[in-house]
Amino acid sequence: MQKMLSHGAVAEDNWTVLQQPVETIPTGDILVPMTYWLEHRAELSAQAGQVGVWLDSDEEVEALVNDLGELRLIALNFPKFVDGRSFSSARLLRDRYDFQGDIRAIGNVIQDQLYMLQRCGFTQFSLAPEVDLQEAAKSLSDFSDGYQTAADQAQPLFKRLR
Amino acid sequence: MYIYDQYDQKLVDERVEQYRDQTQRYLDGKISEEEFLPLRLQNGLYVQRLAPMLRVAVPYGLMSSTQVRKMAEISRKFDKGYVHFTTRQNIQLNWPLLAEVPDILAELASVQMHAIQTSGNCIRNTTTDQFAGVAADEIEDPRPWCEIIRQWSTIHPEFAFLPRKFKIAVCGSEEDRAAFLLHDIGLQLVKNEQGGTGFHVYVGGGLGRTPVIASSIKPFLPKQHLLSYLDAVLRVYNRYGNRNNKYKARIKILVKAWTPEVFAERVETEWAQILARDVDGVTQLTENEIERVKTFFPLPDYQSVDEAAINGVLQAQAGDSLAFSRWLERNVRDQKQPGYSAVTLSLKPAGVAPGDVTDRQLESIANLADQFSNGELRTTHNQNIVIADVIKSQLFEFWQLAKADGLATPTIGTINDMICCPGGDYCSLANAKSIPVAEAIQRKFEDLDYVSDLGDLELNISGCMNACGHHHIGHIGILGVDKKGAEWYQIQLGGSANKNAALAKVLGPSLSRDDVVDGIEKLLDVYVENRLEGEAFLATYQRIGADKFKERVYAKDA
Numbered sequence: 001m002q003k004m005l006s007h008g009a010v011a012e013d014n015w016t017v018l019q020q021p022v023e024t025i026p027t028g029d030i031l032v033p034m035t036y037w038l039e040h041r042a043e044l045s046a047q048a049g050q051v052g053v054w055l056d057s058d059e060e061v062e063a064l065v066n067d068l069g070e071l072r073l074i075a076l077n078f079p080k081f082v083d084g085r086s087f088s089s090a091r092l093l094r095d096r097y098d099f100q101g102d103i104r105a106i107g108n109v110i111q112d113q114l115y116m117l118q119r120c121g122f123t124q125f126s127l128a129p130e131v132d133l134q135e136a137a138k139s140l141s142d143f144s145d146g147y148q149t150a151a152d153q154a155q156p157l158f159k160r161l162r
Numbered sequence: 001m002y003i004y005d006q007y008d009q010k011l012v013d014e015r016v017e018q019y020r021d022q023t024q025r026y027l028d029g030k031i032s033e034e035e036f037l038p039l040r041l042q043n044g045l046y047v048q049r050l051a052p053m054l055r056v057a058v059p060y061g062l063m064s065s066t067q068v069r070k071m072a073e074i075s076r077k078f079d080k081g082y083v084h085f086t087t088r089q090n091i092q093l094n095w096p097l098l099a100e101v102p103d104i105l106a107e108l109a110s111v112q113m114h115a116i117q118t119s120g121n122c123i124r125n126t127t128t129d130q131f132a133g134v135a136a137d138e139i140e141d142p143r144p145w146c147e148i149i150r151q152w153s154t155i156h157p158e159f160a161f162l163p164r165k166f167k168i169a170v171c172g173s174e175e176d177r178a179a180f181l182l183h184d185i186g187l188q189l190v191k192n193e194q195g196g197t198g199f200h201v202y203v204g205g206g207l208g209r210t211p212v213i214a215s216s217i218k219p220f221l222p223k224q225h226l227l228s229y230l231d232a233v234l235r236v237y238n239r240y241g242n243r244n245n246k247y248k249a250r251i252k253i254l255v256k257a258w259t260p261e262v263f264a265e266r267v268e269t270e271w272a273q274i275l276a277r278d279v280d281g282v283t284q285l286t287e288n289e290i291e292r293v294k295t296f297f298p299l300p301d302y303q304s305v306d307e308a309a310i311n312g313v314l315q316a317q318a319g320d321s322l323a324f325s326r327w328l329e330r331n332v333r334d335q336k337q338p339g340y341s342a343v344t345l346s347l348k349p350a351g352v353a354p355g356d357v358t359d360r361q362l363e364s365i366a367n368l369a370d371q372f373s374n375g376e377l378r379t380t381h382n383q384n385i386v387i388a389d390v391i392k393s394q395l396f397e398f399w400q401l402a403k404a405d406g407l408a409t410p411t412i413g414t415i416n417d418m419i420c421c422p423g424g425d426y427c428s429l430a431n432a433k434s435i436p437v438a439e440a441i442q443r444k445f446e447d448l449d450y451v452s453d454l455g456d457l458e459l460n461i462s463g464c465m466n467a468c469g470h471h472h473i474g475h476i477g478i479l480g481v482d483k484k485g486a487e488w489y490q491i492q493l494g495g496s497a498n499k500n501a502a503l504a505k506v507l508g509p510s511l512s513r514d515d516v517v518d519g520i521e522k523l524l525d526v527y528v529e530n531r532l533e534g535e536a537f538l539a540t541y542q543r544i545g546a547d548k549f550k551e552r553v554y555a556k557d558a
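Read top to bottom, the protein sequences are chains A and B. Sequential numbering of the first sequence, starting at 1, is according to my numbering. Sequential numbering of the second sequence, starting at 1, is according to my numbering.
Just so you know, not all the hints are guaranteed correct.
Unchecked claim - Under the rule of at most 16 Å between Cα atoms (straight-line distance), these lysine to aspartate or glutamate pairs were calculated in the EDC-like manner:
1. B/Lys444 to B/Asp525
2. B/Lys499 to B/Glu138
3. A/Lys138 to B/Asp137
4. B/Lys10 to A/Glu135
5. A/Lys159 to B/Asp5
6. A/Lys159 to B/Glu289
7. B/Lys191 to B/Asp137
8. A/Lys3 to A/Glu135
9. B/Lys10 to A/Asp142
10. B/Lys77 to B/Asp103
11. A/Lys159 to B/Asp280
12. A/Lys159 to B/Asp8
13. A/Lys80 to B/Glu35
14. A/Lys3 to A/Asp145
15. A/Lys159 to B/Asp103
Claimed, not checked - Covered stretches of chain A (chain B as the covering partner; in silico rule of three or more C-beta atoms under 8 Å from a C-beta of chain B):
16. 24-36
17. 74-88
Just so you know, these hints were derived from the structure itself, not from any lab. Remember, it's a predicted structure, so these values are computed and weren't measured experimentally. We put the beta carbon where it would ideally sit given N, CA and C, even for glycine.
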């Protein structure tokens, strides 16, 4: 079974990520592309397993705003780790649309991004299979505090501590 | 200047340890070259043609003498005993070893310095006017605002992987000395009718391959909303900037593609949504915080002086020494505080790459700042150094000391005060060398009477179209180009970085290395023959146009 980081700890990852185009739906927990979810919402909701949705970096979270209540997991893809659009997507899901479920970083995500991803609202991270997750998890606490407001901190540092 | 508290210091210390770990993992083969690239860039480390290059941040150009002495020490211990001052008010070390960079960063942190976000596709050092606090035409001191922006932008969790680099400049005065209209965001401090402070926001300026002057998107942003509005601009750019082609990835391309009006609307919509969620005003700057930061930029206790008497003494000294008189004219500037001057130390003596300074000179600069000012100095985007608040009666002594250290070349604002990129001697992007061209021009125009007679003249040299030497905004711009493996130089005229910013226009076919200096001399001849009394080069060019210059430079019998 593949592993991931979830809420700071190494965890089993039981989810299957379905790529475009979706042809057959496997059993178990599935992450489906957003466009597929928007077209097949009713039948997917009737699935036995859990259903989550994943967005590519060029897809807008605004398309999902009516569905956030029924989703427990949204994954945001990084086609390349230097493509920073999903950082903004996560912040919008948390700060603007109050999404309460897990936000997972998938694709080409690297250890050295974990601290910032977490600040933007990500709770789960699928890193490359060869990565030592215990070691990588240390990067979640690279910094003890930050100046800015973010998904993990409602007040800027100057209002809290100065 | 701003002094770190425990939170600022801890963050910088933690950054050093983060990068030490990253470097170790890279050296152990646990991080690939591709993955390490943005990590080292965001800590200032480039790999150049000959060696790595480390760019150290000088936030808005302000340094203490302690920091300058530390740079001298670092340059001796880790480099070849000299440093380079850049056009973005930063400092570069040209020969550090990759494995030693974490130690250099730790040394920097010990004097409240860092190299965070000095490169890479992130928010870079915020720049401003080197005469902040002392300029007669100042509306408000821009430095507290630059510091507030520095903190907001440092390790901003959402904007570390932007489509491309992102530069912000703040202008606090009538005249622009920060080239703020040539930045991704240009902020001009303004007052509204009620006397409240705000910002006129411009976006999408920049040099590089596609030079663009920034467009106004918000004439008055109330000061307390600065950070939420910056968040909105950056978020729109982060989401919609081009990520497929690095040459089309700067915000200026997005602003152009959408039009400034549409871009402004998109930002306004994003900002309105941020504010709508912020019922408690959490995103707003408080008066407390603004005042807290402002207290770090106090003006010294100016003595009241008999200015007429001092001016009399200065005149007498200038009468005795032509060299001092030239220096007073070009390198010394009145402040808004009577009896005090802001002195520009020239880093452009002939024979030295513009902006290069030795470790000994750094120590001399630190001593001058301690002896004649409050121990602070400012780096300029013209690659010089300013020491402000020098009492006029001490200028002669100041000059003698500065001259002894090779820092008093009396050519500020003249043709010999050129901006020049490292060029083909150092940079792997360059098409042509630039430093030898700068030196050839300085050697050609050694006659200080002639240089002084030519007056204000900005000459900028870039070794390639990435325009690090700002050739687009020189009154005379020189651009190195590659023609079938040979180095050629394109001449551009009429650029300007002031409030009426203009981009220079290409004069004609490029010149060979041998012909560049002669070409420049011909341009100057045309100027001298055609100028009206007191008219500077740029004004003459604007009045008479390019034709006469072009005819002379490209004359067949020449």
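Hints breached by this structure:
Hints 3, 4, 14, 15 and 16 contradicted; others consistent.
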